[in-house]
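Undergrad: Sequence:
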Amino acid sequence: MKITVIFDSLEEFQSCLHLTPAVVDAPVEEVKKPAEKNAETPRRAPEEPEAIKSTPKDEKPREEAAAKQEETTAKKVDRVTVRKILATLNKKTGTNTASRLIADLGFDKLTNVPDDRLAELQAKAEEALKNAG
Numbered sequence: 001m002k003i004t005v006i007f008d009s010l011e012e013f014q015s016c017l018h019l020t021p022a023v024v025d026a027p028v029e030e031v032k033k034p035a036e037k038n039a040e041t042p043r044r045a046p047e048e049p050e051a052i053k054s055t056p057k058d059e060k061p062r063e064e065a066a067a068k069q070e071e072t073t074a075k076k077v078d079r080v081t082v083r084k085i086l087a088t089l090n091k092k093t094g095t096n097t098a099s100r101l102i103a104d105l106g107f108d109k110l111t112n113v114p115d116d117r118l119a120e121l122q123a124k125a126e127e128a129l130k131n132a133g
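If you're matching positions, the sequence shown starts at 1 in the numbering used here and goes up one per residue.
Check the hints yourself; a few may be wrong.
What the hints assert, rightly or not - Cross-link-like lysine to any residue pairs, in silico, SDA-like; alpha carbons within 25 Å at most:
| hint | residue 1 | residue 2 |
| --- | --- | --- |
| 1 | Lys130 | Glu120 |
| 2 | Lys84 | Glu64 |
| 3 | Lys124 | Thr95 |
| 4 | Lys2 | Gln14 |
| 5 | Lys84 | Pro114 |
| 6 | Lys68 | Asp115 |
| 7 | Lys84 | Ala65 |
Simulated from the structure, these hints should not be mistaken for lab results.
Construct the complete structure from the given sequences, taking the supplied hints into account.
TA: Now the structure itself:
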């Protein structure tokens with residue numbers, strides 16, 4: 001929210017803020033004194049964080065996690081690779097051959113094909129691609 005107020009004179013401004021000339025002409029030092037008192041209070045130095053104790057961890061969980069991640073990545077790559085091969089096959093044949101191959105495996109779409117059957121689908125797609133070319 002933005003409010004713009006235009007005053008024709010200083011007196012109008014002061015009357016709007018309910019300021020009397022005595023308050024406006026008050027010495028500035030009196031206003032600064034509370035701030036100076038706050039500045040004089042001693043400050044504590046920031047505490048240093050305690051050293052974090054490191055405990056040795058087994059390397060086996062890391063290795064197992066890395067292996068699982070690689071398998072997951074490999075599965076994603078395989079599914080992506082199969083998808084690319086099927087797209088190329090559809091472009092070459094001009095028909096939706098990929099859907100027929102997926103339906104031959106008993107699934108309605110590529111995302112429903114389990115990872116263990118992707119290799120079979122990839123082999124069929126590559127064979128159909130060779131025959132189409």
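Undergrad: Failing hints, ascending?
TA: 2 and 7
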